[in-house]
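> In case you want the letters, here they are:
2 protein chains.
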Amino acid sequence: MSPDIKIDIGRARSSAVTAEHGVSPAELKAIAPRVDEGHGALKADRARKRLGFYDLYKDKATLSGVKKSARAFVAEGYENFVVLGIGGSALGITTLVTALKPSYYNLLSADRRQGRPRVFVMDNVDPETFGAMLELCPPEKTLFNVISKSGGTAETVSQLLIVLERLEKSLGKAAVKRHLVVTTGPSSAKGAKSPLQHVKTTYRLQGFSVPANVGGRFSVFSPVGMFPAAVLGIDVDALAAGCRAMDRRTSKPSLKDNPAYLRAAVHYILSERKGKSIAVMMPYSDRLRDVADWYRQLWAESLGKEGSLSGKKPLQCRAQTPVKALGVTDQHSQLQLYLEGPNDKVITILEQSAFECSLKIPNFSARKGGVSYLRAKTMKRLIASEKEATADALRDADRPLIRITLPQVNEHALGQLLYMFEVETAMAGRLFNVNAFDQPAVESIKVFTRKYMGGKA
Amino acid sequence: MSPDIKIDIGRARSSAVTAEHGVSPAELKAIAPRVDEGHGALKADRARKRLGFYDLYKDKATLSGVKKSARAFVAEGYENFVVLGIGGSALGITTLVTALKPSYYNLLSADRRQGRPRVFVMDNVDPETFGAMLELCPPEKTLFNVISKSGGTAETVSQLLIVLERLEKSLGKAAVKRHLVVTTGPSSAKGAKSPLQHVKTTYRLQGFSVPANVGGRFSVFSPVGMFPAAVLGIDVDALAAGCRAMDRRTSKPSLKDNPAYLRAAVHYILSERKGKSIAVMMPYSDRLRDVADWYRQLWAESLGKEGSLSGKKPLQCRAQTPVKALGVTDQHSQLQLYLEGPNDKVITILEQSAFECSLKIPNFSARKGGVSYLRAKTMKRLIASEKEATADALRDADRPLIRITLPQVNEHALGQLLYMFEVETAMAGRLFNVNAFDQPAVESIKVFTRKYMGGKA
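Just so you know, the protein sequences line up as chains A and B, in that order.
Count the first sequence with the numbering used here and you get residues 1 to 457, in order.
Count the second sequence with the numbering used here and you get residues 1 to 457, in order.
Just chain A, with the same shape it has in the complex (with noise of 0.2 angstroms):
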């Protein structure tokens, strides 16, 4: 078994960063009643099954049925895999590539991708780029698979028009089945069915299912995450091993064993008390960046309400900003402002302990002019010092930081490092009083495109 991932909030704390800027004992102590008691309910909404998210890993039928899929369409030898989703259809499986398959995967021969597709995440509409990419994927050689929870999002259903189109007039009607998956969630109250399921039903497609009870930004667990990721060769059960390590740990109702919890509870303190309005995110490791990304909506669309959970009086303290950064790249960009600018930040670190590769230094005669220090060391070592670096600079300037730590960049990790932020988004809902399961100000988004598309608004 693969050891845990770590999270220290040593240097969040009021003794690393001052009272004015950091997380005291006291504080951590007073906030104790209000995590027990979202515990409860998040716990209750868990055995009610009104929150399906933490139960996604548990379902063997579908983690087999996707698998069993996937292997099928696999053996079929397709260059190309596209994904057509948007938001949460499109943010998990991105995330989840950049960590888990080899840099420059696109560039890279049949051969050294293992027979695997090439793959392309459509999460725009912007016209240029989804013709570029009609043009690298010709129908007969690639695997579409659309992915929208509502069945009606209406950049994923224009995408899924086109391509249909032209797997058709290519193919056939009947071959579309062979290179198109649907994957969408149940029928409306009212039985009406979505324009993925008429899509489904007229062509006999396969397709898998999102639970009602498990929102876009959540489902990453589910077949929307787990069907790409089986079909380009990540190992869908130490993912799901990962989220039950976390689970574990997160089932827990003390801060000083839930490591979501104590998250939650540093970054609400953090915000409520301390100014602290904006949450940034910054991986030190290629591979990492783009959880950033994925966190980003977790955190955003769950947090970013102007609506209480008890009522409509105001909230006290509003939700946070997160921002992506990248270590070592950003040093170059953004520690100014971090280290100079408002001390409005709380900062995590997110690192791998080990990397691949380490590549040395050389020893050059021409290594002169003031950077000795380099001598016989690695670019691995460039990095983790740099890293400890900006974490001592931090401090020195009294910002917050919190360390998240992977001991290796695999399956069972990042099934422990998304499943613990799933968890703490839903702990911080409760903190923060708002819903952290709907995104009602998208709705009125969707009212004014249909206008501007001249339809009824």
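Be aware that a few hints might be false.
[Claimed, not checked] Below, a list of computed lysine-lysine pairs in the DSS-like style, where the Cα atoms sit at most 30 angstroms apart: (1) K324/A with K101/B; (2) K49/B with K60/B; (3) K6/A with K360/A; (4) K377/B with K141/A; (5) K324/A with K451/B; (6) K451/B with K6/A; (7) K6/A with K324/B; (8) K380/B with K377/A; (9) K324/A with K324/B; (10) K49/B with K446/B; (11) K377/A with K177/B; (12) K380/A with K324/B; (13) K193/B with K380/A; (14) K360/A with K49/B; (15) K380/B with K380/A; (16) K190/B with K377/A; (17) K177/B with K380/A; (18) K190/B with K380/A; (19) K169/A with K377/B; (20) K360/A with K446/B; (21) K173/B with K380/A; (22) K252/A with K360/A; (23) K141/A with K193/B; (24) K193/A with K380/B; (25) K380/B with K324/A; (26) K58/A with K252/A; (27) K49/A with K193/A; (28) K173/B with K377/A; (29) K377/B with K451/A; (30) K177/B with K141/B.
If you are wondering where the hints come from, they were derived from the structure by calculation, not from laboratory data.
Based on the hints, put chain B in the right spot on chain A.
For chain B alone, coordinates are given in the frame of chain A:
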């Protein structure tokens, strides 16, 4: 001559989003004397050659040397072009490539690339990514361009030494000069050579100079950005013409004529008086997405200072945190927060009037279930409608918005856009009362890094 880019602050005005959240005519009038004063100071610094970025586009000799050298290297038929650089040495060319080369450029055949090499910008020191690049780019098929103004940036020097050893071992010392080009600044005042200069001399390499009066984040129109651009077939003369067109507009002193000063003033007023501590750049165009990262460095590193220009008194208004968001994609991630979370943001929508293709959405009978508004429309119309919908929803929520419209995404427009942002940032430095041209805090990181590398602190 291509038309000018347009800047519209209409929806950042108090008339659109209330006096609490927008800029009033009286506030713009009140800031005008400070803009005048800043204009005089910047103009004097430009005339005295203390600020070199303004006039880079006029340096015909340098641009012609860059073009000539690029032509000669391209004629050698390299398959790969690799930039070794970080921060300002990387962000400019990344922005230009994304905007001006076709989507999925590195996946295109040599034919479709018109004989130009693939491009890799190595802006980090993750050993796994760097090792993967080395495997994809064998020495004999690759041209490297190492870029560091100081010539001693630890990340870039370590990359250089690794590449240098591979080149010399594979091809012999004499051949290194056909595969490595150095772009760096002048020697220090004491005449000490930097590591890049040592390598350049030892291997008799071709190289380009970064003027001493041009900082990294303002260097895109120097050989830092222009040599890579020319190698990739980007029209550097058209970029320069774009700068010239914008220089004419941004040389005017008054807010109503000068879009750079207007944007600086609006951002300052919204930051100082309306609590907008976050500046969001939201491109509705995949091609323009990396402009947001380039701007993010410019804005954060220039304005994120604790010392004031005029002495040590505390700053009246602290720097904004820049944030990148991508339309339509981030409508499904961040927009819920922007609409219902704290009203602490000023948002810039960056858009293009014309796309090169429109992609008709086919009229399938399966299109049922409430998306009839897609009937006989195009993907181009959908992205435009989503953008207008977002703008309207933001206005209804009293969130201030600026729009920047490019008539087309081409060199002339990019030249205008990036030049405008540079002048805007220079003026913002005057208004925020900070030195926009240094980065003192980044120095502390270098000292800590050396300590962790085991060298002298």
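> Determine for every hint whether it applies to the structure shown.
We went through each hint and held it up to the structure:
Annotation: proposed proximity of K324/A to K101/B holds, straight-line Cα distance about 26 angstroms (limit 30 angstroms). Between K49/B and K60/B the CA atoms are separated by roughly 17 angstroms; this keeps the pair inside 30 angstroms, and the hint holds. Taking the CA atoms of K6/A and K360/A, the gap is about 28 angstroms. The hint holds against a cut of 30 angstroms. Restraint check: the Cα-Cα separation between K377/B and K141/A comes to about 28 angstroms, which is no more than 30 angstroms; the hinted pair holds.
Of the pairs offered as hints, the one joining K324/A and K451/B holds, with about 27 angstroms between alpha carbons and a cut-off of 30 angstroms not exceeded. For the hint linking K451/B to K6/A, the alpha-carbon distance of about 25 angstroms falls within 30 angstroms, and the restraint holds. Straight-line distance between C-alpha atoms of K6/A and K324/B comes to about 29 angstroms, which keeps the hinted pair within the 30 angstroms bound. Between K380/B and K377/A the CA atoms are separated by roughly 51 angstroms; this puts the pair beyond 30 angstroms, and the hint is violated.
Distance hint between K324/A and K324/B is fulfilled; the C-alpha atoms sit about 9 angstroms from each other, no more than 30 angstroms. A threshold of 30 angstroms between alpha carbons decides the hint, and for K49/B with K446/B the separation of about 29 angstroms falls inside it, so the pair holds. Proximity of K377/A to K177/B is assessed by CA-CA distance (about 26 angstroms); at most 30 angstroms being required, the pair is judged to hold. Distance hint between K380/A and K324/B is fulfilled; the C-alpha atoms sit about 29 angstroms from each other, no more than 30 angstroms.
With a CA separation close to 27 angstroms, the supplied pair K193/B and K380/A stays within the 30 angstroms bound. Restraint check for K360/A and K49/B: not satisfied, since their Cα atoms lie roughly 42 angstroms apart, outside the 30 angstroms limit. Among the hinted pairs, K380/B with K380/A is inconsistent with the structure: their alpha-carbon atoms are about 45 angstroms apart, more than 30 angstroms. At most 30 angstroms may separate the alpha-carbon atoms for a hinted pair to count; K190/B and K377/A meet this at roughly 29 angstroms.
A C-alpha spacing of about 28 angstroms is found between K177/B and K380/A, which places the hinted pair at or below 30 angstroms, so the restraint holds. With a C-alpha separation of about 33 angstroms, the suggested pair K190/B and K380/A falls outside the 30 angstroms cut-off, and the hint is violated. At most 30 angstroms may separate the alpha-carbon atoms for a hinted pair to count; K169/A and K377/B meet this at roughly 20 angstroms. Only pairs whose Cα atoms come within 30 angstroms are accepted, and K360/A paired with K446/B is accepted, the gap being roughly 20 angstroms.
A hinted pair counts as satisfied when its Cα atoms are at most 30 angstroms apart, and K173/B with K380/A qualifies at roughly 27 angstroms. Under the criterion of a C-alpha separation no larger than 30 angstroms, the hint pairing K252/A with K360/A is inconsistent with the structure, at around 44 angstroms. The hinted pair formed by K141/A and K193/B fails the criterion: a straight-line CA distance of about 55 angstroms is larger than 30 angstroms. Taking the CA atoms of K193/A and K380/B, the gap is about 27 angstroms. The hint holds against a cut of 30 angstroms.
Restraint check for K380/B and K324/A: the C-alpha separation of about 29 angstroms stays at or below 30 angstroms, so the hint holds. Proximity of K58/A to K252/A is assessed by CA-CA distance (about 18 angstroms); at most 30 angstroms being required, the pair is judged to hold. For the hint pairing K49/A with K193/A, the CA-to-CA distance comes to about 24 angstroms; that is within 30 angstroms, so the pair holds. Only pairs whose Cα atoms come within 30 angstroms are accepted, and K173/B paired with K377/A is accepted, the gap being roughly 23 angstroms.
For a cut-off of 30 angstroms, the pair hint linking K377/B to K451/A stands: about 13 angstroms separates their Cα positions. For the hint pairing K177/B with K141/B, the CA-to-CA distance comes to about 13 angstroms; that is within 30 angstroms, so the pair holds.
In terms of the numbered hints stated before, the structure departs from hints 8, 14, 15, 18, 22 and 23, listed from lowest to highest.
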